[in-house]
Amino acid sequence: MDGIHDMGGMHGFGKVEPEANEPIFHAPWEGRCLALNRAMGAIGAWNIDAGRAGIEELPPQIYLTSSYYGKWALRLENLVIQCGLAQADEIAAGHARHAGKPLPKFDVAAVPSTLTRGSYGRPAHAPARFNVGDRVRAKNIHPVTHTRLPRYARGRLGVIDAIRGCHVFPDSSAIGAGENPQWLYTVLFDGRELWGEAANPTLKVSIEAFEPYLEAA
Amino acid sequence: MTHANDDHHEHGSELSEMQLRVRALETVLAEKGYIDPAALDVMIEAYETKIGPHNGARVIAKAWADPAFKRALLADATKAVQSLGLINRVGDHLIAVENTPSLHNMIVCTLCSCYPWEVLGLPPVWYKSAPYRSRAVNDPRGVLADFGVTLPPDTQIRVWDSTAETRFIVLPMRPAGTDGWSENKLAALVTRDCMVGTGLPKPPAEIA
Chain A
1 MDGIHDMGGM HGFGKVEPEA NEPIFHAPWE GRCLALNRAM GAIGAWNIDA
51 GRAGIEELPP QIYLTSSYYG KWALRLENLV IQCGLAQADE IAAGHARHAG
101 KPLPKFDVAA VPSTLTRGSY GRPAHAPARF NVGDRVRAKN IHPVTHTRLP
151 RYARGRLGVI DAIRGCHVFP DSSAIGAGEN PQWLYTVLFD GRELWGEAAN
201 PTLKVSIEAF EPYLEAA
Chain B
1 MTHANDDHHE HGSELSEMQL RVRALETVLA EKGYIDPAAL DVMIEAYETK
51 IGPHNGARVI AKAWADPAFK RALLADATKA VQSLGLINRV GDHLIAVENT
101 PSLHNMIVCT LCSCYPWEVL GLPPVWYKSA PYRSRAVNDP RGVLADFGVT
151 LPPDTQIRVW DSTAETRFIV LPMRPAGTDG WSENKLAALV TRDCMVGTGL
201 PKPPAEIA
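Line order of the protein sequences matches chains A and B. Under the numbering used here, the first residue of the first sequence carries the number 1, and numbering increases by one thereafter. Under the numbering used here, the first residue of the second sequence carries the number 1, and numbering increases by one thereafter.
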């Protein structure tokens, strides 16, 4: 979706402000929130792509004014309700009032699985359509559901820089349409192709693009 | 969304509100039988103590000290990092990108905040912030200036937008004046930011 989350190239957000000696969590609830989200993902309540979509679907004014873990908490509330794992009256009350769904329980033995990233490479069912060095154009598409093709690259000419194998396709996975694995490429763009002639000539930007995002050019 | 704003939300009225909301969620999910709160404690402890940029720093120091490892890292970072046995398991698609005198790499995720947690730990607030995510792809030199870093005007800058499940780590240039240094000593020069591409390794004089 063309949401506020798709921030590449936007103006007006100001300077980057690194924090010296930043703590891992700024308050204990941030750690609880991270762990709750990871735990629910680990027991298969939803997949990583549906989780990202859950953040993107927050209203833009909420997205911009909530902290990172604040967004995670709101996403968790929404997904728990959407997936029928708890009801709004329970969240409001802070206690369970109805029976839960049959899901495996996230216990201590399951923790190691949340400390490493999942595996998203999949066997290929067809050869890759593009080769390294091919000129491609990112399609001008505007799906209203989750996609990983950033707006700033759409319609722009690039070059296949690397082939990364066949991966779960987030656009399908996020909407419950299955993994629908697709070839993934690193596509390299000249800064001037993305930002116009005034762009610094030393700039190049690459995206990781799934084959359905690309057409031969 | 500057850090000042984050401060407002983290330490102002949102704190108690968020504390209560997250506690309510945890209670409901525990009472429903989905989670054991003790498992959350274990996970949080691991993120606070085991997973962090010290792992990435060892990878970079080894690449500086051992040319065969550097070749292996650039060919297949997942396999190379795995071989060090630092961490349980890294994601399947870790990619190391090398800085050279003519090329500087920078990592961003404009769409969310994808970051190589296994080697760098949880991302800092600035990496997840709107200023970084918006500007890294069109004004990386301006972003570097925010970090106090200036590169020669003719250095090529390559920004990697992490838009899929591939993850990137920058292999910075080994600082001059470190001949004969042990891997441990070299690792002390490797900052988190230099592995993201928003910083450079510490000058050797800082720790010599």
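If you are wondering where the hints come from, they were derived from the structure by calculation, not from laboratory data. All figures in this text were calculated on a predicted structure; none of them were measured in a lab. Please note that the accuracy of each hint is not assured.
[Said to hold, decoys possible] Only pairs whose alpha carbons sit at most 25 Å apart, straight line, appear in this in silico PhoX-like list of lysine-lysine:
id, chain 1, residue 1, chain 2, residue 2
1, A, Lys15, B, Lys50
2, B, Lys79, B, Lys50
3, B, Lys202, B, Lys185
4, B, Lys202, A, Lys15
5, B, Lys202, B, Lys70
6, B, Lys202, B, Lys50
#### Entry: Given hint B/Lys50 paired with B/Lys202 - CA-CA distance at most 25 Å
It holds: about 23 Å lies between the C-alpha atoms, which stays within 25 Å.
### Message
Against the 25 Å threshold, does the CA-CA distance of B/Lys79 and B/Lys50 hold or violate the hint?
### Response
holds (20 Å)
### 25 Å limit on alpha-carbon distance, applied to hinted pair B/Lys202 and B/Lys185
With Cα atoms ~11 Å apart, B/Lys202 and B/Lys185 stay inside 25 Å; holds.
### Message
Run the distance test for B/Lys202 versus B/Lys70: straight-line Cα separation, threshold 25 Å.
### Response
holds (20 Å)
### Task
Could you grab the alpha-carbon distance between A/Lys15 and B/Lys50 and see if it respects the 25 Å cut-off?
violated (31 Å)
### Query
CA of B/Lys202 to CA of A/Lys15, is that 25 Å or under?
holds (23 Å)
In the structure shown, a violation is registered for the earlier hint numbered 1 alone.
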